[in-house]
Amino acid sequence: MSTETSAASAQFERVLKLADLPAGSKKAVEINGKCVLVCNVNSKLFAISNICSHNEKPLERGRLGNGWIACPTHGARFDLATGAALNLPAKLPVATFEVRTTDEWIEVLV
Amino acid sequence: MSDTIKLADLKKGEARCPGAPSTQDIIAADKVAAPGWVRSESYQFLGDEDISKDRYIDPAYAKKEITSLWAKTWQFACREEHIPSVGDYHVYDLGPYSFIITRVAENDIRAYYNACLHRGTKLRASGTEGNAEEFKCSFHGWTWNIDGTHKETLCPWDFPHVEFKKLTLPEAKVERLGGFVFINMDKDAPTLAEYLGPAAKSHIDAWKLENRYIYLHVSKRLPCNWKLAIDAFLEAYHVIETHPQVAPSNGDANTQYDVYGEHVNRFISPLGVVSPHLYGKISEQDVLNQFTLGDSSAMGDTKLSVKDGGTARAVMAEMFRGMFEKATNTDLSKVSDSELLDCFSYTVFPNIFLFPGISLPMIYRFRPDPRDHRKCIYEVLFMRPLPLDGNRPMPAEPIHLEDHQSFCEAEGMDPGFGAILDQDTDNLILQQEGLEASAKPGLTLGNYQEIRVRHFERAVDKYVKPNS
Ligand code: FES
Ligand code: FES
Ligand SMILES: [Fe+2]
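These protein sequence lines are chains A and B, in that order.
Residues in the first sequence are numbered consecutively from 74, following the numbering used here.
Residues in the second sequence are numbered consecutively from -14, following the numbering used here.
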């Protein structure tokens, strides 16, 4: 289970104006001490840990594909929806977070 | 007329399906006229001896192909849309080979051998894409710039014997055509234009395939040698027995076959006309009703009917133009009936098919399985014209089917077309096993309808040189 929704204290936090994340873009934010990458791919929003499970390098400069992000350091790809590692050199998943929009704001459950 | 032709009077390869109009006759009667590349013929008799079967069943032959054929020919590695921005890369694998196809600058695409120059680790995993500002090896971190020059090495004091300035990633040749990125490992290879020849190149240029995008990409391992799989798609001779559901609306026995130079051949299989095998058995309305489309998802549920004296083909062309325009948001007013309806199948040696038509807008690619000469990897990519608004959608991610799955299980696959591919696959396992079991050393080919098989296998012979 890679989605971190279990903590009783988890709650939706406003992170970005929807207008500030146009289609095809991504932005790294820090929420309650967690490095989260919020992505807009094909008009769908995803929030994923910004830290690669292979060698803990940031994912934020990686390429967004159809449903995945590729780590720029050694090329591991992760499924944006589940966080699953799609190819070597990563095998472990990265955390994903629930996202929603309210009043033109993007909110992430952390 | 044709009934009275004595076959003995014809030279080898001159006989055509008796009593049926030619593909060119059918196209000449269409309302919106076809362009020059459609309205020409280029058949050539290339001999009638049997094709040796060792090429399909001998593992040593497959091994020889790796260095003599695959390392010497132009291959479609990816589409430009797979690497739209500077730094984008796409890993292309062929047998044991692997390349990182990288956009180094807006108009500079390179193909790096996908191996670290330290101790050989792949710099990027097979089957992947991404964007790189540098290529860093995951083993000891040796790093190259995206232009292939060496960038850094951990503890350089330990490598006084290495000239890092010269430690540039080796490259294969790269050429671009119609939105395709082709690579060739042979430094002495002819240019892609020479390889294709002027006639075939002019056809490909006319299609403007750079203005298409991939909206569906399906991949599956097939239970046969890669050449058997290709051969199975080179003729319409098998349609009546293998795909009887298609025959009512496919001019199979009067399909046109052409060869161009050493590496390109084609057929034009007219659709919206009845098979000569079924003359007198079905009506024009039946033809219309049973038309099977590769891209029927674009058509919706419209029902068509043939008016008295009309032809199914004319009705289809008229309706298609409107429906495809609407569904794909493109202008097709100048596109001929033939391009809208017919199946144009081109092969670029060694392993791709291009289908530039509108109703069957596809690319096939076949690659050998490096571990098993009795298996190959088949991909079908469905292409659509770019939307009128000019925005290029992201190319579809490949869907990888398991060996046991039907093509119909791929999301977005037209069920009629998926069923056709399943029928072809089922033949192939029987053919692979049959060739191994056979007492006959070769395969026998028809002079006209199977000319593409002969042409293709001749090119295989040229590269692999059976007696060397
Ligand atoms: S740090 Fe991401 S792939 Fe190595
Ligand atoms: S093998 Fe690549 S850095 Fe050692
Ligand atoms: Fe077939």
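Among the hints, a few may not be true.
Here are some, though not all, of the chain B residues that point toward chain A, as calculated from beta-carbon distances under 7 Å [unchecked claim]:
hint : residue
1    : Arg109
2    : Thr113
3    : Asn116
4    : Leu373
5    : Arg377
What the hints contain is simulated information worked out from the structure, not anything from laboratory work.
Ideal Cβ positions, reconstructed from N, Cα and C, are used throughout, including at glycine.
For each hint, the structure was consulted:
no. : hint   : in the structure
1   : Arg109 : holds, 4 Å
2   : Thr113 : holds, 5 Å
3   : Asn116 : holds, 4 Å
4   : Leu373 : violated, 19 Å
5   : Arg377 : violated, 11 Å
Of the hints listed earlier, those the structure fails to meet are numbers 4, 5, in rising order.
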